[in-house]
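There are 2 protein chains.
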Amino acid sequence: MQYVDVMIVGGGPAGISAAIWCKRLGIDHLLLEKKNELGGQLAKIQNEIIDYPGLYAENGQAMQMVLTKHAAKLNCNCKLNATVLKIDEAQKTVTFEQDGKLEVIHFRYLVLASGAGQRRLEVPGEREMLQRGEDYSATTDGQLFKNKTAAVVGGGDRAFEGAILLADAGVNVFLIHRTQSFKARSEFITLANQKSNIKILTDTKVTAINGDHRVTSITLVKDDGESSCLMVDAVFVRIGIKRNYELVEGKVAIDPQGLIVTDQTGKTSNSSIFAVGDVCTDSPLSSIAASVGQGATAAKFLASLLV
Amino acid sequence: MQYVDVMIVGGGPAGISAAIWCKRLGIDHLLLEKKNELGGQLAKIQNEIIDYPGLYAENGQAMQMVLTKHAAKLNCNCKLNATVLKIDEAQKTVTFEQDGKLEVIHFRYLVLASGAGQRRLEVPGEREMLQRGEDYSATTDGQLFKNKTAAVVGGGDRAFEGAILLADAGVNVFLIHRTQSFKARSEFITLANQKSNIKILTDTKVTAINGDHRVTSITLVKDDGESSCLMVDAVFVRIGIKRNYELVEGKVAIDPQGLIVTDQTGKTSNSSIFAVGDVCTDSPLSSIAASVGQGATAAKFLASLLV
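Respectively, the protein sequence lines represent chains A and B. With the first letter of the first sequence counted as 1, position 223 gets the number 222 in numbering that gives the first Met the number 0; the numbers rise by one all the way through. With the first letter of the second sequence counted as 1, position 284 gets the number 283 in numbering that gives the first Met the number 0; the numbers rise by one all the way through.
No lab work stands behind these hints, which were simulated from the structure alone. None of the values given here were measured: they were computed from a predicted structure. Treat the hints with caution; some may be incorrect.
Note that identical chains are pooled: a pair holds if it fits in a single copy or bridges any two copies.
What the hints assert, rightly or not - Calculated cross-link-like contacts (lysine to aspartate or glutamate; reagent style EDC-like; alpha-carbon spacing at most 20 Å):
#, residue 1, residue 2
1, Lys78, Asp27
2, Lys72, Glu47
3, Lys100, Asp156
4, Lys194, Asp223
5, Lys91, Asp4
6, Lys147, Glu121
7, Lys198, Glu102
8, Lys22, Glu47
9, Lys68, Glu57
10, Lys72, Glu225
11, Lys266, Glu248
12, Lys22, Glu57
13, Lys145, Glu121
14, Lys43, Glu248
15, Lys266, Glu88
16, Lys241, Glu96
17, Lys68, Glu88
18, Lys266, Asp281
19, Lys72, Asp134
20, Lys250, Glu121
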């Protein structure tokens, strides 16, 4: 069976940094990325990146290209299209699928860099909507829905910020939230309440997204059980961040906020498993710089263990 | 009296990153750097930097220029030639000297990014040696001392690695250490013992560095009190890292290893004082990437406090 000293799961900035540093420190490593390219969430950043010290990038794709080239220049060991199915922490193996074939590789240490993404509603029609490409940015896509109607689902900063941006672009916005209490900062709530083209619906759940070829309506259910249908042209689901830690659930300690507990080297409660980047970072603290720093630090610490 | 929300002390990678992120997040900030340029320890890196993800740099100066330009492009607020003399944690003020004038500025939060440097012997003649520019790199300056004699002082990895590099460049090396026990890894010790042009002197202290215009000899004192003079052409002091935290000594908790205690946001035991970068990082874990990540994370956390 194949063996690596350090198995890195996930090829976003944190994983790439861990791989670069493993290579730099002479550590036998392998990075597994499920997509056909490195970069992780960078691929989705539309706006200019001005806050990664030393590298201004026009957008996420531009930074993705620079980081990918860096890893390639150093001959980091990466497998693309490699979906990890299971991490066996007792046997210290990773089972993954690549090109329809299953493979099992032994590791000495595992660095989980599997990132985070939008939490989904998990209601009928949502997957189809996303597969059709109806996954819009409130920052850049507002003009598409000028004088049309959009639903923004959620009660936090990102939901309110999205609703305000869309309203400012001339969109009629329904902000829909399942309770009456909002996590968003008060100035966002005040501002949203002042806008005549934002209607806030509380105690309301979205139970389906409807439309065959594009979104045409959503099904709502109020707390009292009353069901209704709201005609909308787009749905922006902004209900928070989902960290991709299913592979280690029950295998490492997770705190009440849903964050993997790590020390400053990235070590989890299982001393063979490390976590870096957005998979273990509270979203207000997440940044490309922080992810890259965490990847570097974990690799440096592992180098000291592997001497 | 002038006031800033976030005062950053030190303009190396950690401080620059904190400033870039303060600017990015709209935080009122000021960075004080005692030298006439930003970059900190980068200025001393002679070799290629291949391990900062996204930015290959020919040497430290090249990276220094890129980071300086980044801070300038964003109009980060920095004062150069500004030496901090005192941090008053009760009054929340920083007193600094610039162009011969004293200035006092109030802060709400302070980010200490004052870095680290070589620990010095603090013996007569050492300061003069450094002021004359006799501060050599074992990696790049070995050829200067081929067939000559150099003293390497210290017992850790860097002392042994330096001695081996110099010996390989044809230098006659005395490795001088104050005790008989070495912190260096065993393979370095074995290798050094195998080299005929490395002589190891233990239980020996260097008490003076002699020479009027250049180093000509060092004064040694053995544990039994015996004093001697050793003719050398260069002295490489490799006795470890000194973290520049004098300004906050007694004001924040410092652990038994001599590291400022911080949480993952950089917060010290004083909730108004944060530390980032090499001033609070164990040297095996230190990297430009880690420093930059820590600067970004502290600024993001401060943004959440300053809402």
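Query raised in the report: What label fits Lys43 with Glu248 when the C-alpha limit is 20 Å: within, between, both, or neither?
Result: neither (26 Å within a copy, 45 Å between copies)
Report task. At 20 Å max between alpha carbons, let me know whether Lys266 reaches Asp281 within a copy, between copies, both or neither. Result -> both (16 Å within a copy, 16 Å between copies)
Query raised in the report: Should Lys266 paired with Glu248 be assigned to within, between, both, or neither, using CA atoms and 20 Å as the limit?
Result: within (15 Å within a copy, 29 Å between copies)
Query raised in the report: Should Lys22 paired with Glu47 be assigned to within, between, both, or neither, using CA atoms and 20 Å as the limit?
Result: Between copies only: 15 Å across chains, 29 Å inside a chain, cut-off 20 Å.
**Report entry** Intra/inter-copy verdict for Lys198 and Glu102 if alpha-carbon distance must be at most 20 Å
**Finding:** For Lys198 and Glu102, neither the intra-copy (51 Å) nor the inter-copy (52 Å) Cα distance is at most 20 Å.
Query raised in the report: With identical chains treated as interchangeable, where does the CA-CA distance between Lys68 and Glu88 reach 20 Å or less: within a copy, between copies, both, or neither?
Result: neither (32 Å within a copy, 46 Å between copies)
**Report entry** Status of Glu121 relative to Lys147 across identical chains (alpha carbons, at most 20 Å)
**Finding:** So Lys147 and Glu121 fail the 20 Å test inside a copy (25 Å) and across (74 Å) alike.
**Report entry** Identical-chain pair category, Lys72 with Glu225, by Cα at 20 Å
**Finding:** Answer is neither; intra-copy 59 Å and inter-copy 55 Å both fail.
Query raised in the report: Between copies, within a copy, both or neither: which fits Lys266 and Glu88 at Cα up to 20 Å?
Result: within (14 Å within a copy, 33 Å between copies)
Query raised in the report: 20 Å Cα cut-off: does Lys145 pair with Glu121 within a copy, between copies, both or neither?
Result: neither (27 Å within a copy, 71 Å between copies)
Query raised in the report: 20 Å Cα cut-off: does Lys100 pair with Asp156 within a copy, between copies, both or neither?
Result: This pair counts as neither: shortest intra-copy Cα distance 42 Å, inter-copy 45 Å.
Query - Status of Glu57 relative to Lys68 across identical chains (alpha carbons, at most 20 Å) - result: Both: 16 Å inside a copy, 17 Å across copies.
Taken one by one, the earlier hints fail for this structure at numbers 3, 4, 6, 7, 10, 13, 14, 16, 17, 19, 20, listed in ascending order.
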